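Numbering (my numbering), first residue to last: 31 to 708.
Please note that a few of the clues may not be correct.
What follows is a set of in silico ranges between Cβ atoms, one per label pair, in the way DEER data are often shown [said to hold, decoys possible]: (1) Glu433 <-> Gly594: 28 to 34 angstroms; (2) Gly594 <-> Arg267: 34 to 40 angstroms; (3) Asn683 <-> Leu43: 28 to 34 angstroms; (4) Gln658 <-> Glu231: 34 to 40 angstroms; (5) Leu454 <-> Gly594: 51 to 57 angstroms; (6) Gln574 <-> Thr205: 38 to 44 angstroms; (7) Gly647 <-> Ala138: 24 to 30 angstroms; (8) Leu684 <-> Lys118: 48 to 54 angstroms; (9) Lys118 <-> Ala666: 15 to 21 angstroms; (10) Asn194 <-> Leu69: 52 to 58 angstroms; (11) Pro351 <-> Gly594: 37 to 43 angstroms.
Derived lysine-lysine pairs resembling DSS-like cross-links, with alpha carbons at most 30 angstroms apart [to be verified]: (12) Lys282 <-> Lys473; (13) Lys208 <-> Lys126; (14) Lys576 <-> Lys149; (15) Lys270 <-> Lys258; (16) Lys282 <-> Lys311; (17) Lys530 <-> Lys576; (18) Lys313 <-> Lys126; (19) Lys311 <-> Lys473; (20) Lys126 <-> Lys665; (21) Lys311 <-> Lys291; (22) Lys291 <-> Lys270; (23) Lys149 <-> Lys118; (24) Lys118 <-> Lys669; (25) Lys270 <-> Lys328; (26) Lys311 <-> Lys149; (27) Lys473 <-> Lys328; (28) Lys530 <-> Lys126; (29) Lys353 <-> Lys328; (30) Lys118 <-> Lys665; (31) Lys665 <-> Lys679; (32) Lys679 <-> Lys703; (33) Lys291 <-> Lys313; (34) Lys282 <-> Lys258; (35) Lys149 <-> Lys328; (36) Lys208 <-> Lys149; (37) Lys703 <-> Lys665; (38) Lys282 <-> Lys270; (39) Lys313 <-> Lys353; (40) Lys209 <-> Lys270.
Since the hints were derived computationally from the structure, they do not count as laboratory data. Please read all numbers here as calculations on a predicted model, not as lab measurements. Where a beta carbon is used, it is the ideal one built from N, C-alpha and C, also for glycine.
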Amino acid sequence: MCLAVGAGYAALLYSAKAPWSRAVNYALAFVRFAVVSFLCFLLLSPFIRTTTTTTEAPTVVLAVDNSQSVGLFTPPTVLSQTTQGLQKLAEALRGKGFRVETRVLDAARPVSPDSVQFKAAATDIDNLLTSVREGYEGRNLAGVVLASDGLVNQGRAPQYTDYNFPIYSLGLGDTIAKKDLSLPLLTYNRVAFSGNQFPLEAEVAYDGFGGQVATVALRENGRVLQTKRVNLPAGQRRIKTTFLITAPAPGKRRYEVVINKQAGEFTDLNNAKFAYIEIVKGKLRVLLAGAAPHPDLKALRAAIIENDNFDLTTYLPGIAPLKGQDYDVAILHQLPSQGGLGQEVLNLVRTRRMPALYILGAQSDFGAYNALSTGLTVQPRGQQTDDVTPTPNPTFSRFTFEEDALRRFTAYPPAPVPFGEVRLGGGAEAALWQQVGRVKTRKPLLVFGGTPAQRQATLLTDGSWQWRLQEAVEHDDRPEAYDRLIIRTLQLLTQNANKKRLDVYPTQDAFSSQDDVTFGAETYNAIFERIYSQQITLTLTDEQQKNRTFTFTNTEDGAPLHLGQLPGGLYRYLARATLSGQAQQDRGEVLVQDQQLEALQSRADHNLLYQLARRSGQRLYYPSQFEQLTQDIQKANYKPIIYEQEDLKDLINLKWLFFILLGLLTFEWATRKYSGGL
Numbered sequence: 031m032c033l034a035v036g037a038g039y040a041a042l043l044y045s046a047k048a049p050w051s052r053a054v055n056y057a058l059a060f061v062r063f064a065v066v067s068f069l070c071f072l073l074l075s076p077f078i079r080t081t082t083t084t085t086e087a088p089t090v091v092l093a094v095d096n097s098q099s100v101g102l103f104t105p106p107t108v109l110s111q112t113t114q115g116l117q118k119l120a121e122a123l124r125g126k127g128f129r130v131e132t133r134v135l136d137a138a139r140p141v142s143p144d145s146v147q148f149k150a151a152a153t154d155i156d157n158l159l160t161s162v163r164e165g166y167e168g169r170n171l172a173g174v175v176l177a178s179d180g181l182v183n184q185g186r187a188p189q190y191t192d193y194n195f196p197i198y199s200l201g202l203g204d205t206i207a208k209k210d211l212s213l214p215l216l217t218y219n220r221v222a223f224s225g226n227q228f229p230l231e232a233e234v235a236y237d238g239f240g241g242q243v244a245t246v247a248l249r250e251n252g253r254v255l256q257t258k259r260v261n262l263p264a265g266q267r268r269i270k271t272t273f274l275i276t277a278p279a280p281g282k283r284r285y286e287v288v289i290n291k292q293a294g295e296f297t298d299l300n301n302a303k304f305a306y307i308e309i310v311k312g313k314l315r316v317l318l319a320g321a322a323p324h325p326d327l328k329a330l331r332a333a334i335i336e337n338d339n340f341d342l343t344t345y346l347p348g349i350a351p352l353k354g355q356d357y358d359v360a361i362l363h364q365l366p367s368q369g370g371l372g373q374e375v376l377n378l379v380r381t382r383r384m385p386a387l388y389i390l391g392a393q394s395d396f397g398a399y400n401a402l403s404t405g406l407t408v409q410p411r412g413q414q415t416d417d418v419t420p421t422p423n424p425t426f427s428r429f430t431f432e433e434d435a436l437r438r439f440t441a442y443p444p445a446p447v448p449f450g451e452v453r454l455g456g457g458a459e460a461a462l463w464q465q466v467g468r469v470k471t472r473k474p475l476l477v478f479g480g481t482p483a484q485r486q487a488t489l490l491t492d493g494s495w496q497w498r499l500q501e502a503v504e505h506d507d508r509p510e511a512y513d514r515l516i517i518r519t520l521q522l523l524t525q526n527a528n529k530k531r532l533d534v535y536p537t538q539d540a541f542s543s544q545d546d547v548t549f550g551a552e553t554y555n556a557i558f559e560r561i562y563s564q565q566i567t568l569t570l571t572d573e574q575q576k577n578r579t580f581t582f583t584n585t586e587d588g589a590p591l592h593l594g595q596l597p598g599g600l601y602r603y604l605a606r607a608t609l610s611g612q613a614q615q616d617r618g619e620v621l622v623q624d625q626q627l628e629a630l631q632s633r634a635d636h637n638l639l640y641q642l643a644r645r646s647g648q649r650l651y652y653p654s655q656f657e658q659l660t661q662d663i664q665k666a667n668y669k670p671i672i673y674e675q676e677d678l679k680d681l682i683n684l685k686w687l688f689f690i691l692l693g694l695l696t697f698e699w700a701t702r703k704y705s706g707g708l
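Please model the entire structure based on the sequences and the hints provided.
Listed below in structure tokens is the structure:
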């Protein structure tokens, strides 16, 4: 039909006598026939089907444990043999059509085998293998060659995790026990009271020194405080010794326990360990008052008495008179109440401008509560409630939630909160949002507000006792996430209640040398309203009196200042800013714990590597068996995967066809014009 239309059109146009030759006439007729026929054909929506074939070669990943323990305890000749063997293995496999990549513990991207340096400060083999699994999901991953000493000190135990690829284990390190002394563990309370004595227990591990005597010293800032001679009984491998220390003036202290190096000892890198202790002036006095007996009160009491830094007094109206002592913070459970109970407690909090945590519930008087200026107003709709679980506010930076706490929050049972309108006031900030089912809302659950003169917080549920109970059941009677939440709330309420206009603070009680050290900052104007975009200068001074200076600006989203990783030690900081033309400063201390994880154990664990390989149907190799390893991978007969992709494309969408048609029509028009036609 298309050809007939084209032929008819050409015949109709070029059948009459023309002023040009017969050859030109036939040529022009053919051009018009071709153009019209093809245009008609395009109206039928023809398409082109193309098939693309790609081939993906099998990939072998060389997963190298580049931790310090491998470099420290693997004989240099064996380590050199390993690095050279890995390069030769990669070259041999590439020659057989494999794709080879090298990955290490502390790098997110592949590296070259000859650039591997054994300096990683911790070993997390599970994270390394999991990143390989996730990175090559859906791809042609033939297997993983895991070169390691099997010493894991972070993350999950890899031998109990299923990986969906073959693992060829390559054993490094040394499985022969060496003559060595080490300090695997220090046991102590992290908080002590000034003037009191507290114990610090050191566990001494030893190999090859049975029947001898070790000298263990307790030091602070290089000064020896105590020295003990510890007998090392034959037939044992560990023994404990205890130092009794008198807590000095308030502040953060770093104590060092050191074992003097013995003759013939393999290394003294694991002979020292640090203890970080905060010395406080005295216990914080907490008043826990409730409108009536409630399971919440027991849960709160249990969380508080677990911490030696608090002295708790419980009060219920009408049962016993209220002791008028000087409390540091109050927890008011459903106070103010609808029955008007507990007015004496509310008067005490108001007159002494005491920091307070309000817990709202079915008996709360919301009208009286809204008049307290806590930074939150609640307008409930009758007795209706929502059942919610806590979800952290990611912009809240006054304290942080550990990964373990976030996982525990997801298992909490729903607790009732008032259903209605909830509004945050100026300067108030939510630490927790409400999550209804799987929906994360922007309704606050735990709010911090008030003023610097009287800090206040509000928890909008009287069902949090269920959270502690559930957590205790699931985690062997250790409800750590709930207890930490309550303790940190009280600490934040009692922190810096001296009307400081510049408040700079570390976001954690202590950091490790592998952490990103972060600081938060708050600035206030003359009437103690929060202000932002203020330039702050922070100076860190280490124990050698070396200074580091950082300049930053605080923002409304509460983004912290990131200092990166710092060497272990006790740092003093001084922050300065000019607020409304007045110079302000704040000072404090931050602890960075130096963890020598890689030096604690020198004996390689090849049994772990054997289990990993066996579970995936492979075996354990050693650096002298690279040739056998190469042959076994090749004999496994891993094949490339051929992918075929079919694509349908409408012919009318090909742009080059337009230009061909335009060219033919232009040729026809130009020829007719040149030959004297229209």
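Hints, one by one, checked against the model:
Checked against the hint of 28 to 34 angstroms, the C-beta distance between Glu433 and Gly594 comes to roughly 20 angstroms, which is inconsistent with it. A hinted range of 34 to 40 angstroms holds for the C-beta pair Gly594 and Arg267, which are about 38 angstroms apart. Our hint of 28 to 34 angstroms for Asn683 and Leu43 holds, since their Cβ atoms are close to 29 angstroms apart. Range check, Gln658 to Glu231: about 48 angstroms between beta-carbon atoms, so the 34 to 40 angstroms window is missed.
Our hint of 51 to 57 angstroms for Leu454 and Gly594 is violated, since their Cβ atoms are close to 33 angstroms apart. For the pair Gln574 and Thr205, the beta carbons lie near 39 angstroms from each other, so the given range of 38 to 44 angstroms is met. Roughly 29 angstroms separates the CB atoms of Gly647 and Ala138, a value that falls within the hinted 24 to 30 angstroms. Between Leu684 and Lys118 the CB atoms are about 50 angstroms apart, so this pair conforms to the stated range of 48 to 54 angstroms.
For the pair Lys118 and Ala666, the beta carbons lie near 18 angstroms from each other, so the given range of 15 to 21 angstroms is met. Taking 52 to 58 angstroms as the suggested C-beta distance range, the pair Asn194 and Leu69 conforms, at roughly 55 angstroms. At roughly 55 angstroms, the beta-carbon separation of Pro351 and Gly594 lies outside the given 37 to 43 angstroms, and the hint is violated. Proposed proximity of Lys282 and Lys473 is contradicted: the alpha carbons are some 38 angstroms apart, above 30 angstroms.
Of the supplied pair hints, the one linking Lys208 and Lys126 is violated, its CA atoms being roughly 42 angstroms apart against a limit of 30 angstroms. The hinted pair formed by Lys576 and Lys149 meets the criterion: a straight-line CA distance of about 25 angstroms does not exceed 30 angstroms. At most 30 angstroms may separate the alpha-carbon atoms for a hinted pair to count; Lys270 and Lys258 meet this at roughly 11 angstroms. Proposed proximity of Lys282 and Lys311 is supported: the alpha carbons are some 12 angstroms apart, at most 30 angstroms.
Our distance criterion of 30 angstroms between C-alpha atoms is met by Lys530 and Lys576, whose separation comes to about 27 angstroms. For the hint pairing Lys313 with Lys126, the CA-to-CA distance comes to about 70 angstroms; that exceeds 30 angstroms, so the pair is violated. The suggested pairing of Lys311 with Lys473 is violated, with an alpha-carbon distance near 38 angstroms, which exceeds 30 angstroms. The straight-line distance between the Cα atoms of Lys126 and Lys665 is roughly 11 angstroms, inside the 30 angstroms bound, and the hint therefore holds.
Restraint check for Lys311 and Lys291: the C-alpha separation of about 37 angstroms exceeds 30 angstroms, so the hint is violated. Among the hinted pairs, Lys291 with Lys270 is consistent with the structure: their alpha-carbon atoms are about 18 angstroms apart, no more than 30 angstroms. About 23 angstroms separates the Cα atoms of Lys149 and Lys118, which keeps this hinted pair within 30 angstroms; it holds. Pair hint Lys118 plus Lys669 holds up; C-alpha atoms about 21 angstroms apart against a cutoff of 30 angstroms.
Between Lys270 and Lys328 the alpha-carbon distance is near 37 angstroms, which puts this suggested pair outside the 30 angstroms criterion. The hinted pair formed by Lys311 and Lys149 fails the criterion: a straight-line CA distance of about 41 angstroms is larger than 30 angstroms. This hinted pair checks out: Lys473 and Lys328 have alpha carbons roughly 27 angstroms apart, not beyond 30 angstroms. Between Lys530 and Lys126, the direct Cα distance comes to roughly 69 angstroms. Violation of the 30 angstroms bound is thereby established for this hinted pair.
With a CA separation close to 20 angstroms, the supplied pair Lys353 and Lys328 stays within the 30 angstroms bound. Taking the CA atoms of Lys118 and Lys665, the gap is near 17 angstroms; set against the 30 angstroms cutoff, the hint holds. A threshold of 30 angstroms between alpha carbons decides the hint, and for Lys665 with Lys679 the separation of about 43 angstroms lies outside it, so the pair is violated. Between Lys679 and Lys703, the direct Cα distance comes to roughly 37 angstroms. Violation of the 30 angstroms bound is thereby established for this hinted pair.
Only pairs whose Cα atoms come within 30 angstroms are accepted, and Lys291 paired with Lys313 is rejected, the gap being roughly 40 angstroms. Proposed proximity of Lys282 and Lys258 is supported: the alpha carbons are some 24 angstroms apart, at most 30 angstroms. With a C-alpha separation of about 49 angstroms, the suggested pairing of Lys149 with Lys328 is violated against the 30 angstroms cut-off. With a C-alpha separation of about 22 angstroms, the suggested pairing of Lys208 with Lys149 holds against the 30 angstroms cut-off.
Of the supplied pair hints, the one linking Lys703 and Lys665 is violated, its CA atoms being roughly 74 angstroms apart against a limit of 30 angstroms. With a CA separation close to 25 angstroms, the supplied pair Lys282 and Lys270 stays within the 30 angstroms bound. Of the pairs offered as hints, the one joining Lys313 and Lys353 holds, with about 17 angstroms between alpha carbons and a cut-off of 30 angstroms not exceeded. Taking the CA atoms of Lys209 and Lys270, the gap is near 19 angstroms; set against the 30 angstroms cutoff, the hint holds.
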